[in-house]
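Reconstruct the complex from the two isolated chains, following the hints.
Keeping their order, the protein sequence lines are chains A and B.
Counting from 355, one number per residue, gives the positions in the first sequence under my numbering.
Counting from 82, one number per residue, gives the positions in the second sequence under my numbering.
Hints in this document: simulated from the structure, not taken from any laboratory.
Be aware that one or more of the hints could be misleading.
Straight-line distance between alpha carbons at most 27 Å, and here's what the computed DSS-like set of lysine-lysine pairs gives [unchecked claim]:
1) A:Lys371 x B:Lys198
2) B:Lys199 x A:Lys371
3) B:Lys179 x A:Lys564
4) B:Lys116 x B:Lys179
5) A:Lys356 x A:Lys376
6) B:Lys179 x A:Lys431
7) B:Lys179 x A:Lys519
8) B:Lys116 x A:Lys431
9) B:Lys198 x A:Lys431
10) A:Lys356 x B:Lys116
11) A:Lys376 x B:Lys199
12) A:Lys356 x B:Lys199
13) A:Lys376 x A:Lys544
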Amino acid sequence: MKVLIIIPAYNEEKNLKRVIGKLQQVCPQFDYVIVNDGSTDGTERLCRQNQYRHISLPVNLGLSAAVRAGMRYASQKGYDMALQFDADGQHLPEYIQPMVDCMTQTNCDVVIASRYFGSRMPFRMRTVGAKMITAAIRLTTGRHLSDPTSGMRLYSRRIIEQFIKDENNAPEPDTLSYLIRLGADIREVKVEMDERTEGQSYLTPVNASKYMIHMMMSICVFQWFRDRKVVL
Amino acid sequence: MAVLSWSFRIFLLLGSVTVFLIISQCIRKKQIQMKDGIFWIVLGFLLVLISIFPNLAVWASRLIGIQSPANCVFFLIIFLLGCHQFGLTIRLSQLDMKNSELTQNIAIQRTLEDEEKKQ
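For reference, chain B alone in the conformation it holds in the complex (with noise of 0.2 Å):
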């Protein structure tokens, strides 16, 4: 069974470490809030994991049937992310309803204090 290459493992870390700046970054400039923070730096500390311990992968592929380990952390993070899209999606449907019923509500408000002055 193969084990992840090198370069693989340090591709990984380079990029997880990556992840961690640019959020750290963006917290400490309140671009983001906190809690959608929390999955970036998940998915940062998983990618460490594996690129210190590529042992992890290499069982994880045993226990779904994929042949090559590099692969099973592709799928894991494809896996992830796709939750997180699906997530984000609801999330967006949602916010998108609130606004457009407060703007509804607000305006019929305006209308109605308009009509009461008139009065």
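Here chain A stands alone, though its shape is the one from the complex (with noise of 0.2 Å):
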């Protein structure tokens, strides 16, 4: 089974080379690819330098596209699964391989690293909207997903396939709810994270709330109308 890491990174020359190092030292069977989302640091210097695969965006274009440009290579590489991986060290490599045999084993075609799988997601103010996240999937859907906002997921070739045929699939929950109903199979399995160790989060107030309007009215409005005769 050829798996590939697809790693985007936006400004991420601090944590790069840590992140890139410890995926080398715990899992060398698996190949990865950095997505350098036209990022504005040493990134791109520092790709080059240490020789690391990887494909630099141009211009700026946001998670979602670079996620989805790391997928594209991956298919027309022929690779078998592709694992969303965080550049900033949040996501811990010694879980790739318990993920890709969950995959092997199952034929699944997602697995989703759950930080909160066989227990309760407990009550903070940063797992408000995960929650609120959860229960528009579980209503719309029937699923249980007890992670949707873990952004290390591993998707098999089929899904690949789906994922780059349209623009409107995100590396995001709402995508997630949207294979559901398409008949993906999507299984989780049980890891731990690093909180952010370099750099600072993204999760302003402001960019939480849009975030969050922008996820519920994408899984409880938009993805009815979406084309349902996709064959997976």
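As structure tokens, then:
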């Protein structure tokens, strides 16, 4: 099974070297590709100096397009699975192999690395939004996802092909709800995650509100109108 | 039935002349494509027509059941602008998608070429 780890990076000069180093050390059996999303810092230089495999977007397109670029690449190179992995060190490479095992054994379509699988999501400021998304997905699809906002997900070949067909497919919870409606088999694997070590989170109150409005509208309204005659 | 007042008619006329001037200037300086100027020229022409023949507005207001012809003119303008705005949203969205796809493909192509060189 050929697995590609897609690492979208926007101005991650400070974290990248450490994250890639750990990745190469913990799971050298998997290929990775960094998608430099038009960074303005030394990300590009770092990739060239260390000969990291990377795709450089000439302009900044945002996270979802960066992940899609990685998926297009995975599709062209004939990979069987693609993993979405953060460049800030939040995701731990130790859990990649268990996720790949899960997909290989069950032949499912998506594996989500869940912080709250088998336990309850703690009630804090930052989990309120995630709880609302869980509720919305459950309400509209009947499926319970314990950690829908987790950014560490493994996608099968079928999903990769589906993903790159439509620019609306973002690596976000609303696409998960769409995939469930298309009949995709989504599984979860229990993981731990690291808090951000360098740089600052984009999760300001304004951004979080925008994100929530977008997600709720998308899950509860727009997904009903989307093309559902897709063959998964 | 009230007709359009003289002051409103002059105001409309001045407004449409301004639109003509600005659009012709933009086309001359190549700031906009001609196909994008068509809407504004047609809109300006409509307003000129209404200011010269205010009975058109009276007739239209009776037709759709609006009491004041001036309100009918406002409605017409808002409706046309709304349609145009919607068309722009569609174009912007498509442009955004095309731009994203293009950028991704260019970047992937470069990576693939680099890989071929190394081999």
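Structure-based check of each hint:
1. Proposed proximity of A:Lys371 and B:Lys198 is supported: the alpha carbons are some 24 Å apart, at most 27 Å.
2. Note on B:Lys199 and A:Lys371: the hinted pairing holds, with a Cα-Cα distance of about 22 Å set against a maximum of 27 Å.
3. In summary, the hint linking B:Lys179 to A:Lys564 is supported, as the alpha carbons are separated by about 24 Å, within the 27 Å threshold.
4. At roughly 20 Å between alpha-carbon atoms, B:Lys116 and B:Lys179 fall within 27 Å of each other, so this suggested pair holds.
5. In summary, the hint linking A:Lys356 to A:Lys376 is supported, as the alpha carbons are separated by about 20 Å, within the 27 Å threshold.
6. Simply put, B:Lys179 and A:Lys431 have alpha-carbon atoms about 23 Å apart, close enough for the 27 Å limit, and the pair holds.
7. Of the pairs offered as hints, the one joining B:Lys179 and A:Lys519 holds, with about 12 Å between alpha carbons and a cut-off of 27 Å not exceeded.
8. Taking the CA atoms of B:Lys116 and A:Lys431, the gap is about 42 Å. The hint is violated against a cut of 27 Å.
9. The suggested pairing of B:Lys198 with A:Lys431 holds, with an alpha-carbon distance near 16 Å, which does not exceed 27 Å.
10. Between A:Lys356 and B:Lys116, the direct Cα distance comes to roughly 49 Å. Violation of the 27 Å bound is thereby established for this hinted pair.
11. Using a Cα cut-off of 27 Å, the hinted pair A:Lys376 and B:Lys199 holds, with the two alpha carbons roughly 25 Å apart.
12. Of the pairs offered as hints, the one joining A:Lys356 and B:Lys199 holds, with about 21 Å between alpha carbons and a cut-off of 27 Å not exceeded.
13. Between A:Lys376 and A:Lys544 the CA atoms are separated by roughly 20 Å; this keeps the pair inside 27 Å, and the hint holds.
When each numbered hint is compared with the structure, violations occur for hints 8 and 10.
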